[in-house]
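Chemist: Bring the two chains, given one by one in their own frames, into a single complex with the hints.
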Amino acid sequence: MTSHTATDPRAAAASHAEGWWQRPAALFVFGGITLALVVGSLFIGVYDLGAEGGREMFFITRVPRTLALVLAGSAMAVCGVVLQQLTQNRFVSPTTAGTSEWAALGLLLSVILFPTASLNVRMVLASLTAFAGTMVFMAILQRIQLRTTLIVPIVGIMLGAVVSAITTMIAVSTDYLQLLGTWFMGSFSPVVRGRYEILWVVALVCLAIFLLAHRLTVAGLGPDVATNVGLNYRRVMLLGTAMVAVATGVTTVVVGFLPFLGLIVPNMVSLLRGDDLRSNLPWVCLGGVAIVTSCDIIGRLIRMPFEIPVSMILGVIGAAVFIALVLRLRRTA
Amino acid sequence: MIKLADVAKSYGDVHALGPVDLDLPRGGITALVGPNGAGKSTMLTIIGRLLGADAGTVHVAGMDVTTAKSRQLAKTLAILRQENHFVARLTVRQLVSLGRFPHSQGRLTTECVAAVDRALEFLDLTALQARYLDELSGGQRQRAYVAMVLAQDTEYALLDEPLNNLDMQHAVAMMAQLRRAADELDKTVVLVIHDINFAAAYADRIVAMTNGRIRYVGSPREVMTPDVLSDVFDTPVEVIDHPTHPLAVYYRLS
Ligand SMILES: Nc1ncnc2c1ncn2[C@@H]1O[C@H](COP(=O)(O)OP(=O)(O)OP(=O)(O)O)[C@@H](O)[C@H]1O
Ligand SMILES: [Mg+2]
Numbered sequence: 003m004t005s006h007t008a009t010d011p012r013a014a015a016a017s018h019a020e021g022w023w024q025r026p027a028a029l030f031v032f033g034g035i036t037l038a039l040v041v042g043s044l045f046i047g048v049y050d051l052g053a054e055g056g057r058e059m060f061f062i063t064r065v066p067r068t069l070a071l072v073l074a075g076s077a078m079a080v081c082g083v084v085l086q087q088l089t090q091n092r093f094v095s096p097t098t099a100g101t102s103e104w105a106a107l108g109l110l111l112s113v114i115l116f117p118t119a120s121l122n123v124r125m126v127l128a129s130l131t132a133f134a135g136t137m138v139f140m141a142i143l144q145r146i147q148l149r150t151t152l153i154v155p156i157v158g159i160m161l162g163a164v165v166s167a168i169t170t171m172i173a174v175s176t177d178y179l180q181l182l183g184t185w186f187m188g189s190f191s192p193v194v195r196g197r198y199e200i201l202w203v204v205a206l207v208c209l210a211i212f213l214l215a216h217r218l219t220v221a222g223l224g225p226d227v228a229t230n231v232g233l234n235y236r237r238v239m240l241l242g243t244a245m246v247a248v249a250t251g252v253t254t255v256v257v258g259f260l261p262f263l264g265l266i267v268p269n270m271v272s273l274l275r276g277d278d279l280r281s282n283l284p285w286v287c288l289g290g291v292a293i294v295t296s297c298d299i300i301g302r303l304i305r306m307p308f309e310i311p312v313s314m315i316l317g318v319i320g321a322a323v324f325i326a327l328v329l330r331l332r333r334t335a
Numbered sequence: 033m034i035k036l037a038d039v040a041k042s043y044g045d046v047h048a049l050g051p052v053d054l055d056l057p058r059g060g061i062t063a064l065v066g067p068n069g070a071g072k073s074t075m076l077t078i079i080g081r082l083l084g085a086d087a088g089t090v091h092v093a094g095m096d097v098t099t100a101k102s103r104q105l106a107k108t109l110a111i112l113r114q115e116n117h118f119v120a121r122l123t124v125r126q127l128v129s130l131g132r133f134p135h136s137q138g139r140l141t142t143e144c145v146a147a148v149d150r151a152l153e154f155l156d157l158t159a160l161q162a163r164y165l166d167e168l169s170g171g172q173r174q175r176a177y178v179a180m181v182l183a184q185d186t187e188y189a190l191l192d193e194p195l196n197n198l199d200m201q202h203a204v205a206m207m208a209q210l211r212r213a214a215d216e217l218d219k220t221v222v223l224v225i226h227d228i229n230f231a232a233a234y235a236d237r238i239v240a241m242t243n244g245r246i247r248y249v250g251s252p253r254e255v256m257t258p259d260v261l262s263d264v265f266d267t268p269v270e271v272i273d274h275p276t277h278p279l280a281v282y283y284r285l286s
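Protein chains in written order, with the working numbering: chain Y, 3 to 335; chain R, 33 to 286.
One chain only, chain R, in its complex shape (with noise of 0.2 Å):
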C-alpha cells in the first residue's frame, strides 16, 4: 500500500502541497484529479521519490522512499513524470529496454526481452520499435514513454497524465491496459487525470485535490456528483447517469 503521512511541500514561498494525509490500499486504480496547480504532480513525484518532501513520511509496499534502496525501489514503483524531454537519440526498443534496468543492470536476459515485447504490443508500438523517439508523434512518444514503465513491470506504477496527447482510440486502449494490469496482474496504478470520465469509467478510486490538499477521496460513484465536482473544479458540472459509470457534462457554461 501507500502511505502518506504528514507531507508537505512548498516552492521557495510557493506553498504546493499539504499537509497531506492519504492511505491507498494495494491493487486497483486510483486517480488523482483536480484544477491545475492543485499539487498533483507534487504529490505524485514525492510519492516516486523523484522529489523530496519538506516534511511528513511517504511509505510504499512498507519501505520508506527516501531512505530505501534505490534498486529495490526501481522493481516495486516506477513513476512518468508529466513532461519528458530527452536529448539522448534512443530508439522507442532501446529506451523501454531501458526499463529493465532495476531487473537487469543492463544486460537484457530472455525474460527482459520478453517483458520489452510485452510492453511494445500492449502499447501498440511493435510496428514503431525501431524508430528514433525523435521520430514519432507527440502521442507515439508518450505511449513509448508508458511502455518504458511498464516494461519495468513493478508494483505499482504513478503516471502523470499517461494520456497527454493521445487520439481516442489510444486512450482507451492505454485505460483498458492499465485496468486489465490492475485486474490480472495485480498492479496497483496511480494516474493523473484530467479527463474526469476517463476516471469514473475506470478508477476503483478517486481523489480529488485543490490547492494542495486532498478534498475528496471515494469511489467514482460517490466523488461523481455535481455538488462535489463543481466544488472541486469551480466549473458548473451536471452528472447523466450512464448504465456502467456515471457520466460528468461540463463542456458548456450555460
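So that you can see chain Y by itself, here it is in the shape it has in the complex (with noise of 0.2 Å):
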C-alpha cells in the first residue's frame, strides 16, 4: 500500500514502512537467495552422486528431502503467524502454543490404537489432536482476564507440557519410549521417497491461509475491531485454527518438532515489513524455507558424515535469534 506517497517528503522519509524491504526487488533477491540454498542442499550429502545408481539416489533421497525441507519450512513459518494474528500475541507458535504436543500425541495413539494404520489415517488423527488442543488453548485465552504478552505463550508452554507428560507416560506404559525420541527429534534424514508425499497437503494448506490472508489480518486487530468491519470472527478463528491443526499434525508425523520456526520468521519479517498478512506471506514461507534449509545444511555438514537432527540446531539458533528479538520488541514496544 504504497502508491500514494507521503506529500511531505520529510515524512516519507523518516516512514519505515516504504523502505527496501517493500519493493518487490527485495523478494527476488530473497527468493533468489532461498534457491540457492535450496539447490544447494540437493547436492549435500555423503553419497556420491557420480557413482553408479546416483542418479536414482538423487530421486529417492535428496530430491524427497529437499521438498520436504521446503515444505515443511514454509508451513510451520505460516502456522506461526497465523496462531499470532488470532491470539494478538507476537509470542505464540506451534511449538509454544502445545499444537505440536498435541500432534504428537495423536500420532502416538494412532500408532497404539491402530498399529497397521497407514501413513494417512496417523496424520488425520494427529491433525484432528492438534485441532483439538489449539483451541483448548483459545478457549482458555478467551476466560484469561489478565492476557499480557508473557502470560499468553506461558499458558501454551504449560498446556504443551502437560501434554508432552501424558504422551510420554502412555508410551512408557506401552513400550513406545524409545520410539517417541526418534520420531519427534525433528529431523529429515529418514524423508525419502514413499514418506515425504503426505506432506503436499501443507502446500494446499498454505494456499488457503493466502486467501484468508486479509481476514487474519483484520482478526489480527482483536474481535471488537473485526466485528466492527463485519467479519465473521469465531468463523475465521476456527478455519484458522484448523489450517494450522492440519499443517503442524501433518508436518509432525513426516518429520517431527521443528521448534522456533514459527516464532522467529514471522516476527522477523514483522520488524522488517509490518504486519500486512498478504504481502508478508510470500516472505514468511520463504524466511521458513530458507532457516529451515540452513540448519538442515549444517546439521549435514559438522561431523560428516554423521548427522545432526535439524530441530538441534534450529534449537541453538533460534533461541539466540529469539533473545534478541524479544529484546528487540521490548524496545519498541
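Quick caveat, the hints were computed from the structure, so don't treat them as lab data.
A virtual CB, placed ideally from N, CA and C, is assigned to each residue, including glycine.
One thing to keep in mind: the hints can contain errors.
Calculated pairs, EDC-like style, for lysine to aspartate or glutamate (alpha carbon to alpha carbon, straight line, at most 20 Å) [claimed, not checked]:
| # | chain 1 | residue 1 | chain 2 | residue 2 |
| --- | --- | --- | --- | --- |
| 1 | R | Lys101 | Y | Glu58 |
| 2 | R | Lys107 | R | Glu143 |
| 3 | R | Lys107 | Y | Asp226 |
| 4 | R | Lys107 | R | Glu187 |
| 5 | R | Lys101 | R | Glu115 |
Per the computed footprint, the stretches of chain Y lying under chain R, defined by three or more beta-carbons under 8 Å from a beta-carbon of chain R, are [claimed, not checked]:
| # | segment |
| --- | --- |
| 6 | 24 to 31 |
| 7 | 110 to 119 |
| 8 | 160 to 167 |
| 9 | 275 to 286 |
Short, incomplete list of chain R residues facing chain Y, as computed with Cβ under 7 Å [as the list claims (entries may be wrong)]:
| # | residue |
| --- | --- |
| 10 | Leu56 |
| 11 | Gly84 |
| 12 | Ala87 |
| 13 | Arg103 |
| 14 | Ile111 |
| 15 | Phe118 |
| 16 | Ala120 |
| 17 | Arg121 |
| 18 | Gln126 |
| 19 | Leu130 |
| 20 | Phe133 |
| 21 | Met200 |
| 22 | Pro278 |
| 23 | Leu279 |
Modeler: Here you go:
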C-alpha cells in the first residue's frame, strides 16, 4: 500500500514502511538466496551422486528431502504467523501453543490404537488432536482476564508440557518410549520417497491461508475491530486454527518438531515489513524455507559423515535469534 | 434511527446500565455526557453490538443489532471504542484501509481508495500515512482510529471519546469534520464526550447519564443549565451565555 506517497518528504523519509524491504526487488533477491540454498541442499550429502546409481539415489533421497524442507519450513513459519494473528500475541507459535505436542499425542495414539494404519490415518488423527488441543488453548485464553504479552505463551507452554507428559506416560506404559524420541526429533534424514508425499497437503493449507490472509489481518486487530467491520471473528478463528492444526499435524508426523521456526520467522518479517499479512506471506514462506534449509545443511556438514537433527541446530540458532528479538521488541513496544 | 428498549447490563454483580429506553432520530450529532462510570461506554458498545445486553433490544436503522447480518450492519454502523490497543504493526494507511473491509472484503476498489484518501485528509494524516501506528503520538494515533471509522463510511458512527489525547486545534477540527459529516452527508453521529462545552458547541442533542440511567435528554440550551449540570456531574457549574452557545464554567471551586 505504498502507491500513495506522502506529500511531505520528511514524513516519507522518516517512514520505515516504505523502505527497501517493501520493494518487489527485495523479494526477488531473497527468493534467489533461498533458491540457492534449496539447490545447494540437493547436492550435499554423504552419497556420491557421481557413483553408479547416483541418479536414482538423487531422486529417492535428495529430492524428497529437499521438498520436505521446503514444505515443512514454510508450513511451520506460516502456522506461526496465523496463530500470532489469532491470539494477537507475538510469542505464540505451534510449539508454544501446545499444537505440536497435541499432534504428537495423536500420532502416538494412532500407533497404539491402529498399529497397522497407514501414514494418512496417522496424519488425520494427529491433525484432529492438534485441532482439539489448540481450541482448548484458545478457549483458555478467552477466559483469562489478564492477557499480558507473556501470560499467553506461558499458558501455551504449560499446556504443551502437560500434554507432552501425558504422551510420555502413555509411551512408557506401552513400551513406545524409544520410538517417541526418534519420531519427534525433528529430522529430515528419514525422509525418502514414499514418506514425504503427504507433506503436499501443507502446500494446500498454505494456499488456503493465502486466500484467508486479508481476514486474518483484520482478525489480528482483535474481536472488536473485526466485528465492527463485519468479519465473522469466530469463523475465521475456527478456520485458522483448523489450518494450523492440519499443517502442524502433517509436519509432526513426517519430520517431527521444528522448534522456534514459527516464532522467529514471522517476527523477523514483521520487524522489517509490518503486519500486512497478504503481502508478507511470500516472505514468511521463504524465510521458513531458508532457515530450515540452512539448519539442515549445517546439520549435515558439521559432523560428516554423521548427521545432527535439524531440530537441534534450530534450537540453538532459534533460541539466540529469539532472545535478540525479545530484546528488540521490548524496546519498540 | 437508534432505538433502545429496556436495555440493561451488569458485569458480574456490578450494575452498569439500565434499564434504559432511548430514541435517537436519524441525522445530527448526539453527545453522551456523564461522570466516570455512568455507563456511557457500556451503552455505546451495546448499541455498536460489541457487547451483549442482559435484557432489552437495540435497533439501528430498523435492524436488531444482535440478529442482523454482520456484514450489513458493518455497512450501516461503525463504532470506535474508548481504548484501542493493536499488537499488529500496520501503517496508518493500512489501518484506515481496513475500514473499507465491509465494502471491499479486502480488494480495494478505486472508490475505496478515494474514501481512504478522504478520511486521511479529513484528519490531517496525509503526511503521516506511511508511518507505523507505534511510531505516532497518542493524539495522532487517535486520529488514525477515527479516520478508520470515517473510511468505513457508514450512516451511523458511534465514537467513544474521540477527542481523547487531541490538542486544541485537532479537537476543534475533528468536531468540525463530524459536524460537516452530519450536515452535508446526512450522517448520524453519537459520541461520548467529557468536555461539555464541545458538546454544547457542536451537538444537536445531549444525553446526560449518571449511575447507569439516562437523566436528561435535550438540546444544548435545555441541558446546559447550572441546575442540570451541577446535578449530573455533582460539581458546582456556572453557565455563561455566549453568543453562539452556552458555556459551562466549572474549573474552580469557590
Ligand atoms: N469489564 C468490566 N467489568 C466489570 N465492571 C465494568 C466493566 N466495564 C465497566 N464496568 C463498570 O460498569 C460501570 C459503567 O462503566 P462504563 O465504562 O460504561 O462507564 P463510562 O460512563 O464510560 O465511564 P468513563 O467516563 O470513565 O469512560 C462502571 O461502574 C464500571 O466500573
Ligand atoms: Mg467510557
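Chemist: If a hint holds in the structure, say so; if it does not, say that too.
Modeler: Now the hints, each set against the structure:
no., hint, verdict
1, Lys101(R) / Glu58(Y), "59 Å, violated"
2, Lys107(R) / Glu143(R), "15 Å, holds"
3, Lys107(R) / Asp226(Y), "15 Å, holds"
4, Lys107(R) / Glu187(R), "8 Å, holds"
5, Lys101(R) / Glu115(R), "26 Å, violated"
6, 24 to 31, "violated (count 0)"
7, 110 to 119, "violated (count 0)"
8, 160 to 167, "violated (count 0)"
9, 275 to 286, "holds (count 4)"
10, Leu56, "19 Å, violated"
11, Gly84, "11 Å, violated"
12, Ala87, "21 Å, violated"
13, Arg103, "4 Å, holds"
14, Ile111, "5 Å, holds"
15, Phe118, "5 Å, holds"
16, Ala120, "4 Å, holds"
17, Arg121, "5 Å, holds"
18, Gln126, "5 Å, holds"
19, Leu130, "6 Å, holds"
20, Phe133, "4 Å, holds"
21, Met200, "22 Å, violated"
22, Pro278, "34 Å, violated"
23, Leu279, "35 Å, violated"
Figure legend: structure checked against the earlier numbered hints; hints not met, in rising order: 1, 5, 6, 7, 8, 10, 11, 12, 21, 22 and 23.
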